[in-house]
Amino acid sequence: MLSRVADNLFWMGRYLERSEHLARFLNVQYFSSIELPYPQMREQALLSVLNMAGTELENDKPTEEEILFSVGLDGDNPASILSAVYSGRENARSVRDSLSTEVWEAFNKYYLFVSDYPVSVYKTKGLDNFTTGSINHCAIVKGKIHQTLLRNETFHFLQIGKHIERAIQIIRIMLSKMADINEVNKLKVGSTLELQQWNIILDCLEAKDMCRKHYHSLPNKHNTIDFLLFTPNFPFSVAYNLGFVYKHLQLINKAKDEKPGSLEFKVGKVINDFRYREMEDFKDDIPSFLQETLDKIYLICNEIHNEYFKY
Amino acid sequence: MIMEASVLKLPESELFTDYYFKENTFDEVFKKNSPANAYYNRLLSLISSYSTNEFKILNESTKKSFISRGVTFATYSDNPKGNERIFPFDLFPRIIPQSEWRVLEKGLKQRNRAINLFIDDLYHDSKILRDKIVPVDLILSCSNYNRYMKDFKPTGGVYNHISGTDIIKHNDGKYYVLEDNVRCPSGVSYVLANRDAMKKTIPSVFSNFNISPVSDYPEALQEMMHSVKSDKVDNPNCVVLTPGAYNSAYYEHSFLAQSMGIELVEGRDMFTDNDFVYMHTVYGAKRVDVIYRRIDDDFIDPLVFRPDSALGVPGLMSAYRKGNVTILNAPGTGIADDKAVYAYMPEIIKYYLDEEPILNNVPTYRCDVKQEMDYVLEHIAELVVKPVDQSGGYGIFIGNQATQAQIEEQKNIIKAHPRGYIAQPTMSLSVHSTFIEDENKFEPRHIDLRTYTLLSPDKEFVLKGGLSRVALKKGNLIVNSSQGGGSKDTWVMEE
Chain A
8 MLSRVADNLF WMGRYLERSE HLARFLNVQY FSSIELPYPQ MREQALLSVL
58 NMAGTELEND KPTEEEILFS VGLDGDNPAS ILSAVYSGRE NARSVRDSLS
108 TEVWEAFNKY YLFVSDYPVS VYKTKGLDNF TTGSINHCAI VKGKIHQTLL
158 RNETFHFLQI GKHIERAIQI IRIMLSKMAD INEVNKLKVG STLELQQWNI
208 ILDCLEAKDM CRKHYHSLPN KHNTIDFLLF TPNFPFSVAY NLGFVYKHLQ
258 LINKAKDEKP GSLEFKVGKV INDFRYREME DFKDDIPSFL QETLDKIYLI
308 CNEIHNEYFK Y
Chain B
-7 MIMEASVLKL PESELFTDYY FKENTFDEVF KKNSPANAYY NRLLSLISSY
43 STNEFKILNE STKKSFISRG VTFATYSDNP KGNERIFPFD LFPRIIPQSE
93 WRVLEKGLKQ RNRAINLFID DLYHDSKILR DKIVPVDLIL SCSNYNRYMK
143 DFKPTGGVYN HISGTDIIKH NDGKYYVLED NVRCPSGVSY VLANRDAMKK
193 TIPSVFSNFN ISPVSDYPEA LQEMMHSVKS DKVDNPNCVV LTPGAYNSAY
243 YEHSFLAQSM GIELVEGRDM FTDNDFVYMH TVYGAKRVDV IYRRIDDDFI
293 DPLVFRPDSA LGVPGLMSAY RKGNVTILNA PGTGIADDKA VYAYMPEIIK
343 YYLDEEPILN NVPTYRCDVK QEMDYVLEHI AELVVKPVDQ SGGYGIFIGN
393 QATQAQIEEQ KNIIKAHPRG YIAQPTMSLS VHSTFIEDEN KFEPRHIDLR
443 TYTLLSPDKE FVLKGGLSRV ALKKGNLIVN SSQGGGSKDT WVMEE
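Residue numbers (this note's numbering), protein chains in the order written: chain A, 8 to 318; chain B, -7 to 487.
Calculated directly from the structure, the hints in this document are not laboratory data.
You may find that some hints are simply not true.
Said to hold, decoys possible - When the alpha-carbon atoms are kept at most 30 Å apart in a straight line, the in silico DSSO-like pairs for lysine-lysine are as follows:
1) Lys261/A - Lys56/B
2) Lys73/B - Lys130/A
3) Lys73/B - Lys132/A
4) Lys23/B - Lys56/B
5) Lys48/B - Lys466/B
6) Lys191/B - Lys151/A
7) Lys451/B - Lys101/B
8) Lys130/A - Lys215/A
9) Lys149/A - Lys55/B
10) Lys451/B - Lys14/B
11) Lys221/B - Lys317/A
12) Lys56/B - Lys151/A
13) Lys116/A - Lys101/B
14) Lys166/B - Lys273/A
15) Lys192/B - Lys116/A
16) Lys56/B - Lys116/A
17) Lys261/A - Lys221/B
18) Lys224/B - Lys130/A
19) Lys116/A - Lys73/B
20) Lys221/B - Lys101/B
21) Lys224/B - Lys142/B
22) Lys116/A - Lys191/B
23) Lys261/A - Lys317/A
24) Lys142/B - Lys342/B
25) Lys254/A - Lys278/B
26) Lys317/A - Lys215/A
27) Lys149/A - Lys191/B
28) Lys130/A - Lys1/B
29) Lys56/B - Lys149/A
30) Lys142/B - Lys23/B
31) Lys228/A - Lys151/A
32) Lys149/A - Lys290/A
33) Lys1/B - Lys466/B
34) Lys151/A - Lys55/B
35) Lys192/B - Lys149/A
36) Lys149/A - Lys73/B
37) Lys466/B - Lys433/B
38) Lys342/B - Lys166/B
39) Lys48/B - Lys116/A
Keep in mind that this is a model prediction, so the values were computed, not measured.
Please construct the entire structure, taking both the sequences and the accompanying hints into account.
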């Protein structure tokens, strides 16, 4: 496989995953904020969407419509859903001969759905339709990837991109929501609303039902964080995704030996180190731990780039 | 001149309301004062069974399917992210009866085989020049002569592996070759995409008609690529070289690579070392043996041709001349599709093959020959003037559509650079019923036929049918997609 193609596949996987998280986060944040009793909290919920996406608006006090447009359909904002889908599709287009026709067409239809979505409808009444539509298109693309691709480098690089991005998005969503919770606590309005915020994190990651099942109890701060970071068999946990990054890297590496200093060795080290951490170790400063983990994931990306994508 | 519709026997359908006969033009479907061409009968009755509304819906859904499959080309002039457009597709297929096709196919093989021998001769002994069949100065003055090809024989002795010969039907009912394209002829992906679209839109026709398939093209192309590999390799690494995803023909490049299951590469994916070509893969360098390049000669190797080219591979020509990689089409083939050289094609065929040319050539006047230029200047209003080295329909001057001022301007252009132009009588491209969206009915529009011939060292293959291109604008004679043309599915059919 060409290095350039591997690079494009990696980013195709990343953008696809990113678009889904943006759409889901936007949907959950917006609709959960509607029933919040305090206007400050509603504002905070929307600002949190901007924050999670990594968008800064020139306007200090953006209106709801401005925020929704910026995160959703603003093609000039590189962090919008439209931009993520566009970039993912451009990456797919530049390697469409490596993909199956089914994967390409599914991605192209996803792009057409997003790019043709009427902005005025989206801003006023189409938010749920647009975001759930995007999430469904994502599911179709992923289904076609699983169903129609050979398990070769094409698939592995796509999966590495997907899992890396998902690990990143899980952490970004947690960081963003923890900032919200901080604001909630400042209002001193009681623990019910805080608990509600932890539930929202789980909703943002389609994790609430499985979290309840896993702990046989209702979600709280401790088990939410533990679940999303360390559950080895839940697809939206950081540990699960880093594990798959490692697995696919091993499948790509034909040599199979893991010499010290090799890519697999370095990634294995990060992952094992992460896996054996406990909440106790960092419970006083969870955001710092999350940030630290995020930085390590970015380092992994650099290592993968140096090993495979240089041309 | 437009005649009364009553001279035509039209199907009883509102889709053919006011369909008219163009005087002095061959209509592929209808005949004046007699029934339509018999081989169109069943298709006509099928099409007339649709109401206007039904047909419109079919037309719209076909367009949508091209968009969702990404069978598009993009222009970036007014939008940095690209405006993606489809190549307009007409749902009324063009039929070429098997008996006519057999002659065309034979003629195409003959003509392109002769072109190959001609190119080989020009880069070696130039016998045809010494025998004064083709004038020496014509070749020496050709901007597409490639001095790096001198005395070099490509693997298998093939130069024009892929030829896109353009054919028209004149008002005498005969086919003529209008142009030879032996550099990087494009459009073949649309032949296959059109057939696909046709099958999905009107599936019933394919079970009732005996139509030659076009799906064998990728296989034939791959077989041809293997046939010109170096003897030193058993299992060649064949690639398609594209300028990249922002090229307007990118869909075709990726289609070709995908349909053959081979790698689509860009110049930056490759490098040369010790006169071998390699590509950067995730496992290191991998040798490349056969390159189907979709980049012009000028850009393939910045060390030899344009130094500012970022699309090519430095050192490619050197590796090529060592026989370590095959490039198709060979560099320097443009010498044979020069439009002034075209004038000599009948002589070229006779000279190399000792056969009478099967396909007709359009009489051509060379402006660099004194008497011929005088004739051209005098009769310019009845002639078509073409630049000798352009493609895509650019720079063409049509005398009978020009104003006096334009005529004077064109005369000066010719006089300033006689070798740059040829002139031909205005050929009347045949017309074919074509669905016109603004009118919601069929109207006659001019068409031509881009054919695809593949040459291997000991085999020729012609894609059955080809791309019928339609000039969608009323009265327009230029069918190129870059100038607003569309296309039709083309059926080679048993009568």
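Comparing the hints with the structure gives:
In summary, the hint linking Lys261/A to Lys56/B is not supported, as the alpha carbons are separated by about 43 Å, beyond the 30 Å threshold. Of the pairs offered as hints, the one joining Lys73/B and Lys130/A holds, with about 23 Å between alpha carbons and a cut-off of 30 Å not exceeded. Of the pairs offered as hints, the one joining Lys73/B and Lys132/A holds, with about 27 Å between alpha carbons and a cut-off of 30 Å not exceeded. Pair hint Lys23/B plus Lys56/B does not hold up; C-alpha atoms about 34 Å apart against a cutoff of 30 Å.
Taken as a hint, the Lys48/B and Lys466/B pair is honoured in the structure, with Cα atoms around 20 Å apart against an allowance of 30 Å. Only pairs whose Cα atoms come within 30 Å are accepted, and Lys191/B paired with Lys151/A is accepted, the gap being roughly 24 Å. Using a Cα cut-off of 30 Å, the hinted pair Lys451/B and Lys101/B holds, with the two alpha carbons roughly 9 Å apart. For a cut-off of 30 Å, the pair hint linking Lys130/A to Lys215/A stands: about 28 Å separates their Cα positions.
Distance check on the hinted pair: Lys149/A and Lys55/B sit about 26 Å apart at the alpha-carbon level, within 30 Å; holds. Distance hint between Lys451/B and Lys14/B is unfulfilled; the C-alpha atoms sit about 41 Å from each other, more than 30 Å. The straight-line distance between the Cα atoms of Lys221/B and Lys317/A is roughly 29 Å, inside the 30 Å bound, and the hint therefore holds. Between Lys56/B and Lys151/A, the direct Cα distance comes to roughly 21 Å. Compliance with the 30 Å bound is thereby established for this hinted pair.
Restraint check: the Cα-Cα separation between Lys116/A and Lys101/B comes to about 42 Å, which exceeds 30 Å; the hinted pair is violated. Taken as a hint, the Lys166/B and Lys273/A pair is broken in the structure, with Cα atoms around 72 Å apart against an allowance of 30 Å. Between Lys192/B and Lys116/A the alpha-carbon distance is near 18 Å, which keeps this suggested pair within the 30 Å criterion. The suggested pairing of Lys56/B with Lys116/A holds, with an alpha-carbon distance near 11 Å, which does not exceed 30 Å.
Between Lys261/A and Lys221/B the alpha-carbon distance is near 29 Å, which keeps this suggested pair within the 30 Å criterion. Under the criterion of a C-alpha separation no larger than 30 Å, the hint pairing Lys224/B with Lys130/A is inconsistent with the structure, at around 64 Å. A C-alpha spacing of about 17 Å is found between Lys116/A and Lys73/B, which places the hinted pair at or below 30 Å, so the restraint holds. The straight-line distance between the Cα atoms of Lys221/B and Lys101/B is roughly 22 Å, inside the 30 Å bound, and the hint therefore holds.
Using a Cα cut-off of 30 Å, the hinted pair Lys224/B and Lys142/B holds, with the two alpha carbons roughly 23 Å apart. Note on Lys116/A and Lys191/B: the hinted pairing holds, with a Cα-Cα distance of about 21 Å set against a maximum of 30 Å. Using a Cα cut-off of 30 Å, the hinted pair Lys261/A and Lys317/A holds, with the two alpha carbons roughly 18 Å apart. Proposed proximity of Lys142/B and Lys342/B is supported: the alpha carbons are some 24 Å apart, at most 30 Å.
Proximity of Lys254/A to Lys278/B is assessed by CA-CA distance (about 25 Å); at most 30 Å being required, the pair is judged to hold. Between Lys317/A and Lys215/A the CA atoms are separated by roughly 41 Å; this puts the pair beyond 30 Å, and the hint is violated. With a C-alpha separation of about 28 Å, the suggested pairing of Lys149/A with Lys191/B holds against the 30 Å cut-off. Distance restraint check for Lys130/A and Lys1/B: the Cα-Cα separation of roughly 56 Å exceeds the 30 Å cut-off, and the hinted pair is therefore not satisfied.
About 23 Å separates the Cα atoms of Lys56/B and Lys149/A, which keeps this hinted pair within 30 Å; it holds. In summary, the hint linking Lys142/B to Lys23/B is not supported, as the alpha carbons are separated by about 52 Å, beyond the 30 Å threshold. This hinted pair does not check out: Lys228/A and Lys151/A have alpha carbons roughly 36 Å apart, beyond 30 Å. About 35 Å separates the Cα atoms of Lys149/A and Lys290/A, which puts this hinted pair outside 30 Å; it is violated.
For the hint pairing Lys1/B with Lys466/B, the CA-to-CA distance comes to about 22 Å; that is within 30 Å, so the pair holds. The straight-line distance between the Cα atoms of Lys151/A and Lys55/B is roughly 24 Å, inside the 30 Å bound, and the hint therefore holds. With a C-alpha separation of about 26 Å, the suggested pair Lys192/B and Lys149/A falls inside the 30 Å cut-off, and the hint holds. At roughly 25 Å between alpha-carbon atoms, Lys149/A and Lys73/B fall within 30 Å of each other, so this suggested pair holds.
For the suggested pair Lys466/B and Lys433/B, the alpha carbons sit about 13 Å apart, so the restraint of at most 30 Å is met. For the given pair, Lys342/B sits about 21 Å from Lys166/B by alpha-carbon distance, which is consistent with the 30 Å threshold. For the hint linking Lys48/B to Lys116/A, the alpha-carbon distance of about 23 Å falls within 30 Å, and the restraint holds.
Hints 1, 4, 10, 13, 14, 18, 26, 28, 30, 31, 32, counting from the list given before, are not met by this structure.
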